[in-house]
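Colleague: Sequence:
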Amino acid sequence: MSDLFRVPCVVMRGGTSRAVFIKENDLPSDKTLRDQTILSIFGSPDVRQIDGIAGADPLTSKLAIIGPPSRPDADVDYTFGQVSITDAYIDYSGNCGNISSGVGPFAIDESMVRATEPVTMV
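The sequence shown runs 9 to 130 under the numbering used here.
Read the hints as simulated data drawn from the structure, not as lab findings. Careful, some of the hints might be misleading.
[Unchecked claim] Straight-line C-alpha distance at most 25 angstroms; calculated SDA-like pairs for lysine to any residue:
{"hint": "1", "residue 1": "K31", "residue 2": "L12"}
{"hint": "2", "residue 1": "K39", "residue 2": "R122"}
{"hint": "3", "residue 1": "K31", "residue 2": "P16"}
{"hint": "4", "residue 1": "K31", "residue 2": "P76"}
{"hint": "5", "residue 1": "K31", "residue 2": "G102"}
{"hint": "6", "residue 1": "K31", "residue 2": "D65"}
{"hint": "7", "residue 1": "K39", "residue 2": "T128"}
{"hint": "8", "residue 1": "K31", "residue 2": "S48"}
{"hint": "9", "residue 1": "K31", "residue 2": "V130"}
{"hint": "10", "residue 1": "K31", "residue 2": "Q57"}
[Stated by the list, open to error] Here are the computed distance ranges between Cβ atoms for each label pair:
{"hint": "11", "residue 1": "Q44", "residue 2": "R122", "range": "30 to 40 angstroms"}
{"hint": "12", "residue 1": "E125", "residue 2": "D34", "range": "41 to 51 angstroms"}
{"hint": "13", "residue 1": "R56", "residue 2": "A82", "range": "35 to 45 angstroms"}
{"hint": "14", "residue 1": "E125", "residue 2": "Q44", "range": "15 to 25 angstroms"}
{"hint": "15", "residue 1": "S92", "residue 2": "V15", "range": "13 to 23 angstroms"}
{"hint": "16", "residue 1": "P53", "residue 2": "R122", "range": "33 to 43 angstroms"}
{"hint": "17", "residue 1": "I61", "residue 2": "S101", "range": "18 to 28 angstroms"}
{"hint": "18", "residue 1": "V18", "residue 2": "M129", "range": "13 to 23 angstroms"}
Keep in mind it's a predicted model, so treat the numbers as computed, not measured. We treat Cβ as the ideally placed atom computed from N, Cα and C, and that holds for glycine.
Between the sequences and the hints, there should be enough to build the whole structure, so can you do that?
Modeller: Written out as structure tokens, the structure reads:
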């Protein structure tokens with residue numbers, strides 16, 4: 009990628025795991041460009057991920073994309089991605105329960121969901 013641009017993100021724990029959380033609207037809408045951008049953020053493919061913010065291990069190369077809800081009965085949409093360290097590939101077919109537990113707090117912190125007392129359900 010020749011052009012540099014800023015992509016706000018949060019490195020956040022969810023349970024025993026951590027992931028890079030990114031708002032869907034902060035990523036390119038074109039899926040190929042989106043994945044190239046994400047791979048660049050992680051420094052992949054490179055087993056050491058020297059040029060990225062991932063941890064050079066598949067267990068620390070997790071992604072959470074949080075977007076506006078596509079259904080009326082949801083507060084947000086969540087897409088999990090496992091970023092490869094050896095190939096230019098992101099696997100969107102799985103899920104991570106630990107990272108799922110960070111979706112609500114991220115959505116609240118990023119003002120995607122309004123916090124209410126005493127409990128906010130997301």
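Colleague: Take the C-beta atom of E125 and the C-beta atom of D34, compute their distance, and say whether it sits inside 41 to 51 angstroms.
Modeller: Violated - the Cβ-Cβ distance for E125 and D34, about 29 angstroms, lies outside 41 to 51 angstroms.
Colleague: Do E125 and Q44 keep their Cβ atoms within the hinted range of 15 to 25 angstroms?
Modeller: Given a distance of about 42 angstroms, which is not inside 15 to 25 angstroms, the answer is violated.
Colleague: CB of I61 to CB of S101, is that within 18 to 28 angstroms?
Modeller: Holds - the Cβ-Cβ distance for I61 and S101, about 23 angstroms, lies within 18 to 28 angstroms.
Colleague: If you draw a straight line from the CA of K39 to the CA of T128, is it 25 angstroms or shorter?
Modeller: Given that 25 angstroms is the threshold and the Cα spacing comes to 32 angstroms, the pair is violated.
Colleague: K31 and Q57 were given as a pair; does the straight-line alpha-carbon distance stay at or below 25 angstroms?
Modeller: It holds: about 22 angstroms lies between the C-alpha atoms, which stays within 25 angstroms.
Colleague: Check whether the Cα positions of K31 and S48 lie no farther apart than 25 angstroms.
Modeller: Roughly 16 angstroms separates the two Cα atoms, so the pair holds.
Colleague: Run the distance test for K31 versus D65: straight-line Cα separation, threshold 25 angstroms.
Modeller: Judged against 25 angstroms, a Cα distance of about 23 angstroms means the pair holds.
Colleague: Taking only the CA atoms, is the gap from K31 to V130 under or equal to 25 angstroms?
Modeller: The hint holds at about 16 angstroms.
Colleague: Is the Cα-Cα distance between K31 and L12 25 angstroms or less?
Modeller: Holds, at about 18 angstroms.
Colleague: Within a Cα-Cα threshold of 25 angstroms, do K39 and R122 meet the stated pairing?
Modeller: violated (29 angstroms)
Colleague: Would you mind confirming whether the straight-line C-alpha gap from K31 to P76 stays at or under 25 angstroms?
Modeller: holds (9 angstroms)
Colleague: Given the hinted pair K31 and G102, is their alpha-carbon gap at most 25 angstroms?
Modeller: holds (19 angstroms)
Hint violations for this structure: numbers 2, 7, 12 and 14, all remaining hints satisfied.
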